Amino acid sequence: MVNLTIDDKQVTVAKDATIFDAAKAAGIRIPILCHDKKLHPFGGCRMCLVEVEQMKGRLIPACTTPVTEGMIVRTTTDEIMTARKLVLELLLLKHPLDCPVCDAAGDCDLQNLTYEYKVNANKFTDEKFRWDIDYENPLIERDQNRCIHCGKCSRICDEIVAFGAYSFVNRGIEAKISTPFDEKLDCEYCGSCISVCPVGALIAKPFKFKARWWALNKVKSVCSYCGTGCQLTLGVKDNKVLTTVYDEDQGFHNGQLCSRGRFGYQFINSDKRLTTPLIKKNGTLVPASWEEAIDLVVSRLSEAKKSDPSSVAALVTPRLTNEELYLFRKLFKDVIGTDSIDHSAGYAHKALTEGLKESFGITASPSLIEDIQKTDLLLVLKSDAYETHPVIGFEINLAVKRQGVDLRILSDKSGKLTRLPDAKKYIHKPGSEILLVNAIAKSILDQNLADPAAQSLPGFDALKSALAAVSIEQISAAAGVPVEAITRLATDYAKAGKALILLPIGLGYPGHGSELTSALANLAILTGKLNKEGCGILILGEKNNSQGAADLAIHPTAGGRDAGAILEGCTSGAVKVLYIAGENPVVSYPDKAKSVKALESGAFVVVQDLFLTETAQMADVVLPVKSFAEKCGTFTSVGRNVQQIRKAISAVGQSRSDREITAELISKLSGAACGGSSAEIFTEIAASTPGYSSLSTDSLGDNGVIYPVVITPKLVPVVGVVPETEEGKFALLIGSSLYHCGTMSRYGEGPMLVCGESYLELGRTDAGKLGVSEGDTIKLKSAAGELNLKVKVGTRMPEGVVFVPYHFETSAINSVTAGNPVTWVTLSR
Amino acid sequence: MSENAAIKILICQGTGGVSMGAKEVEAEFLRVIAEKGVDATVGKRCDVIKTGCRGLCANDVLVDIITEEQGRVTYDFVLPEEVENIVDEHIVNKTTLEKRKAKPYYNTFVDQQMRIVMTGCGQINPESLDAYLAEDGFKAVEQCVKQMTPASVIDEMKKSGLRGRGGGGFPTGMKWSFCAATPGKLKYVICNADEGDPGAFMDRSILEGDPYCIIEGMMIAGYAIGATYGYVYVRAEYPLAIERLQMAIDVCYEKGYLGKNVMGFGFDFDLRIKKGAGAFVCGEETALMASIEGERGMPRPRPPFPAVKGLWGKPTNINNVETFANVRHIILKGAEWYASLGTETTKGTKIFAVTGKVKHTGLVEVPAGMTVRDVIYSVCGGIANNRKFKAVQAGGPSGGCIPADILDTPVDYDSLIKAGAMMGSGGLVVMDETTCMVDVARFFLNFTRDESCGKCVPCRIGLKAMLDILERITEGRGEMTDIDTLLEMGTTIKKASLCGLGQTAPNPILSTIKYFRHEYEAHITDKRCPSNCCKELLLWQVIPEKCVKCGACLKACPVDAIKWEKGQIAELVKEKCTKCKSCYDACRFMAIE
Ligand SMILES: Cc1cc2nc3c(=O)[nH]c(=O)nc-3n(C[C@H](O)[C@H](O)[C@H](O)COP(=O)(O)O)c2cc1C
Ligand code: SF4
Ligand code: SF4
Ligand code: SF4
Ligand code: FES
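For the protein sequence lines, the chains are A and B, in the order given. Mapping the first sequence onto this note's numbering, position 547 (from 1) lands on 547, and the numbers just tick up by one. Mapping the second sequence onto this note's numbering, position 467 (from 1) lands on 467, and the numbers just tick up by one.
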């Protein structure tokens with residue numbers, strides 16, 4: 001700790017603090033324009049100048065200067081004021097005073113400081129800049145005339161986003177922030193740059209002219225897209241969510257969001273939202289009253305319950321709150337008595353619900369997001385971890401760029417992560433993950449690098465004998481990764497002081513199931529990389545509450561039907577009532593035909609959703625529900641963080657929350673009143689859910705609480721199968737696009753502006769061979785069906801491998817896939 | 001034919017020499033000597049040796065011939081066609097060509113200097129390791145490694161009092177000790193050869209004339225601070241310096257003077273050249289390191305200082321070329337000897353690049369503490385064209401002006417700062433009565449504001465705002481309040497800017513206002529430029545009393561706007577005049593206003 005004096009106040013701060021930090025700790029505000037706690041010190045604007053007794057003769061930037069023992073700092077002398085005023089006057093000399101039409105007005109650091117420093121005249125005159133404004137890109141309006149050169153946009157895009165869209169060009173007064181060749185911005189549209197821009201040089205186009213900043217009501221919540229659990233602040237006016245508002249103090253991510261989190265909020269007030277219940281009459285869905293709809297649903301459920309409870313089945317999306325999931329489980333498992341409840345096609349949660357369960361005895365990751373920056377070696381399965389969880393991707397960027405973490409990526413294609421400085425990639429043939437992980441385990445044993453303590457753990461002998469049959473050479477040949485690379489990776493992983501494994505899961509990754517998870521867990525257990533900071537394994541659940549769904553057991557636990565069997569049951573007639581809450585099997589489950597057939601089979605289908613989805617269109621009853629912005633509750637995100645969402649607007653149309661609907665169904669079916677607020681239900685959850693016992697809504701606060709787990713490691717031998725290859729065909733991989741998450745993001749204007757339709761991505765060589773180029777249409781054919789897709793040519797795909805995102809209903813890729821990790825397809829022009 | 005007795009023909013082949021045809025002159029010497037069999041004729045070997053620059057580039061091609069009988073004789077402005085005659089007369093007939101000899105001022109120019117750093121320049125063949133070894137090359141590093149600990153090397157540097165020649169004047173020994181004190185396995189030594197000051201070329205001359213001494217200086221620094229990797233950051237506009245240095249580095253690697261276990265001393269030192277992109281600000285140490293890292297050359301905040309967190313975040317020591325060139329002499333001759341030269345606070349010598357309205361421009365190395373007057377008058381022969389001295393701008397584009405009444409200011413770091421100027425890299429621009437001081441300030445400010453990296457507000461916008469005001473004044477649109485505004489702004493910009501560029505850029509304005517305020521006032525109140533220099537304020541007429549009827553202006557005018565006949569006072573026809581100022585510059589009698 002260091003002691004110093006600021007404006008006669010004694011302050012004691014950590015020795016790596018800057019004068020700015022120290023002043024802040026002492027409650028003294030020093031004005032800043034270019035400083036951002038997330039970024040490397042810059043020192044460009046000179047607004048934060050102070051005087052330091054020991055450094056006479058110059059004015060000292062508070063934001064970059066570290067404190068030293070005994071420092072005497074003054075923050076408001078005449079000289080300082082003169083300098084700060086000069087800085088503002090100079091900035092205003094070039095900055096256009098178009099505040100009346102600037103979206104940043106009210107939230108503009110320059111405007112606020114000008115006001116505070118009473119700069120109401122300028123002794124200089126000069127012309128304003130006349131740079132062209134970039135109106136062309138879909139989401140970010142860039143007006144460099146307003147830019148004050150704080151460099152934050154370029155720094156954040158470089159340091160945290162690792163995209164590097166901007167750089168300073170030119171010198172002197174002509175210096176400016178530019179994109180490569182000064183072209184329109186073409187980036188990943190995370191909007192981080194907008195969030196840190198202190199003025200209106202970068203603004204979110206979807207929010208332009210929507211509302212003045214001060215007119216917005218700001219409500220803290222949690223993003224409802226992926227499992228990362230980014231906190232966000234919704235900007236609300238007239239009962240509409242008009243934007244997300246940046247708050248640098250939110251969450252582990254300091255308020256940074258990805259493209260869909262920042263720009264994907266428009267689904268909330270989309271005019272496509274369902275506003276009344278619908279009942280199918282004479283083959284068409286027509287509006288109905290809640291009473292009528294609920295009565296119908298209750299009667300069908302109670303009928304089925306009476307005749308055969310197992311003829312009722314439910315598919316419930318992990319986008320719902322814990323409270324809602326809890327009630328759903330109660331409704332189906334306790335009140336109706338069916339165990340046929342599932343989600344995510346039945347496979348996308350198995351890494352948690354089966355893999356981790358087997359290997360660690362719990363259904364949650366032993367590791368946390370914060371371990372990413374604390375580890376020494378990060379082993380990531382699939383470069384897509386960035387696309388599925390972009391803000392966790394930022395953490396990986398920071399780990400690599402700031403902490404020097406050794407990044408290893410085992411993947412069937414390249415991607416953003418593989419391009420990080422010094423990242424080592426191991427590109428393997430599609431479908432050979434388990435083989436490779438087994439080979440690494442074998443090599444660890446062969447090299448005697450296993451932790452001695454692991455030998456006494458259950459399963460050690462079984463694993464050892466199973467691996468004895470494994471040949472690294474054969475795997476090397478089958479997976480296309482050199483033996484040396486495999487053994488080297490094994491050595492480095494085992495010898496790293498700390499090592500962490502990341503595995504993204506989701507509907508797009510059928511191969512990332514329980515076996516792969518156990519195979520990976522074996523590595524961590526074998527080498528003792530567990531129960532320590534920066535160690536272990538972190539499963540990246542796909543949806544905002546994937547972890548909650550695992551915690552609350554929204555999957556069959558006593559022999560009920562899983563998602564696949566439920567759909568088959570509908571077709572066979574065994575399932576009479578299918579209740580679907582928020583899932584969209586017609587688009588997001590593999591084997592579209594299977595889902596369609598099930599829905600057409602004659603089972604009574606109830607769908608609860610925000611939108612009249614492809615699945616809802618086939619339902620007998622459709623119930624409109626509230627979005628996350630219209631309700632309270634909790635989500636449990638990657639790394640077991642239980643966080644609160646808060647109601648920002650009142651219900652859209654007549655929609656009710658899933659909680660309200662489920663509670664009513666429970667009351668009506670059981671005869672016992674079921675009600676209670678979210679908080680009360682959460683108390684019930686805490687009482688009955690492993691790990692949650694110490695939690696209450698009050699204790700969650702703004703940042704949520706990470707619930708504790710105790711693991712009982714077990715080594716689980718898994719068998720990898722040599723992937724079959726089909727001569728002359730392409731390996732089709734599906735997965736997530738960076739701008740989408742599930743199928744919900746299709747109702748967000750932002751994601752659709754950047755990526756509005758499906759595509760097929762392939763490498764240059766293959767494109768050359770097929771004679772196609774960017775934008776062409778290509779025909780894709782599999783055993784299951786065929787499809788036309790737009791071609792995207794890139795550098796990510798190895799030869800013979802193609803990629804299609806799974807989010808879209810038009811050119812739906814699930815019409816050619818059947819849920820296998822790899823689908824073999826032929827391509828033709 | 002003993003080596004000692006060989007005749008030496010030294011041909012200056014710095015950038016200046018080469019551009020004046022030194023290569024051709026050399027070829028001609030070689031041809032003539034070979035064809036005529038001169039060696040046999042005179043019974044001695046004639047060695048034609050290319051050397052580095054010796055400072056008086058204006059007189060290139062300079063050729064020194066050293067024979068036993070005639071000693072060292074310098075010929076200047078040598079052309080290839082004269083070579084044969086020189087060989088015949090001087091070498092074969094042993095008669096010095098008195099008429100072709102460099103004039104006495106050449107010797108004054110050389111003799112008045114004290115050459116330590118530049119001893120090798122102009123004397124030895126920069127492309128020959130053997131020539132360097134013959135001058136005790138690599139003896140200093142050997143002495144360090146074999147007889148001294150790293151700490152005692154640093155002590156020696158501290159005792160010598162050597163201060164950085166890159167401009168800041170930071171004590172070199174102290175800088176090394178900081179870097180040595182930072183723990184770290186990987187450290188870097190950087191030689192700053194960006195030399196961005198227009199007009200300065202001492203660093204280039206050293207690299208071209210004595211590249212091995214830089215390598216040795218850096219090795220010693222590496223040994224002292226525990227660095228095993230070095231970079232020389234040379235501006236890309238210095239192809240010859242890069243070529244010679246690269247050649248030297250290659251030879252060193254080949255002969256084991258660089259690389260692993262150098263010279264068998266058990267320490268490693270690798271060295272590499274990094275070509276600079278040519279921005280002035282890239283000479284600033286943190287910007288330079290950013291540039292080596294492949295980033296835009298933009299200064300970074302200090303602290304952390306390079307010694308703690310420099311290149312790629314590693315402890316780094318960065319010194320200027322001239323600083324490194326001093327090192328081996330200090331080790332070989334001892335810190336005490338070095339400390340005995342110069343003044344209390346500035347030890348040793350300093351090289352100045354003298355330009356402007358002085359008779360002999362060029363590089364001069366003088367002991368620190370010589371007065372500005374002596375540099376200008378004794379060494380460089382005084383003001384050209386018999387005009388009156390007005391001021392000298394010391395310290396490059398962001399230095400300050402020293403007026404006539406303090407010409408006895410000694411050239412050392414502190415005296416120059418006290419006078420409102422600075423040592424900088426050692427630029428001295430001499431100005432005579434025809435120079436307008438407001439225009440001078442405008443000129444330098446225009447340079448610095450163009451070169452501002454654009455990172456910090458005071459420098460990026462402030463310099464432009466100041467320039468606007470100066471332009472207004474030189475165009476006769478100034479107001480009296482402008483002077484105070486300039487003073488206030490200049491003072492604030494100096495205190496508030498991020499790097500040395502902004503922190504010094506207002507100097508030319510502040511010092512010209514300090515010493516030549518009346519010139520500013522004349523521009524503002526009388527709308528006149530006292531030096532008749534600011535175009536907008538010229539009357540464009542001939543002053544009859546001053547005109548000596550020589551007609552020089554007539555010849556100079558490109559558009560026939562001068563009427564003159566023999567014996568007549570010239571007349572300027574305003575309608576035709578394009579205000580190019582050719583006549584004004586041509587008139588040696590200041591008769592045009
Ligand atoms: C704008 C600017 C330009 C500079 N250019 C040079 C340069 O061209 N060469 C140089 O040696 N130092 C230059 N410096 C000084 C360096 O930052 C640094 O102080 C110097 O290289 C340290 O070496 P020394 O201690 O040997 O002087 C410059 C500084 C500034 C602020
Ligand atoms: S939106 Fe994100 S990726 Fe695009 S420029 Fe801004 S920070 Fe970079
Ligand atoms: S665009 Fe905004 S964030 Fe980027 S440098 Fe300009 S003012 Fe700063
Ligand atoms: S989609 Fe995921 S990563 Fe993006 S903001 Fe939302 S929670 Fe964060
Ligand atoms: S906030 Fe410190 S220099 Fe900009």
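No lab work stands behind these hints: they were computed from the structure. Careful: at least some of the hints might be erroneous.
Said to hold, decoys possible - Covered stretches of chain B (chain A as the covering partner; in silico rule of three or more C-beta atoms under 8 Å from a C-beta of chain A):
#, region
1, 296-307
2, 450-458
3, 504-514
Bear in mind that the values here come from a model prediction, so they are computed numbers and not experimental data. Heads up, the beta-carbon is just placed ideally off N, CA and C, and yes, glycines get one too.
Outcome of the hint check:
Against chain A, the region 296-307 of chain B contributes 6 residues with a C-beta closer than 8 Å to a partner C-beta. That satisfies the three-residue criterion, and the hint holds. Here's how the region 450-458 of chain B fares: 9 of its residues keep a CB closer than 8 Å to some CB of chain A, so the rule of at least three is met and the hint holds. Coverage of the region 504-514 of chain B by chain A is violated. Counting CB-CB distances below 8 Å, 0 residues qualify, and the rule asks for three or more.
Violation of the numbered hints given earlier is confined to hint 3; every other hint is satisfied by the structure.
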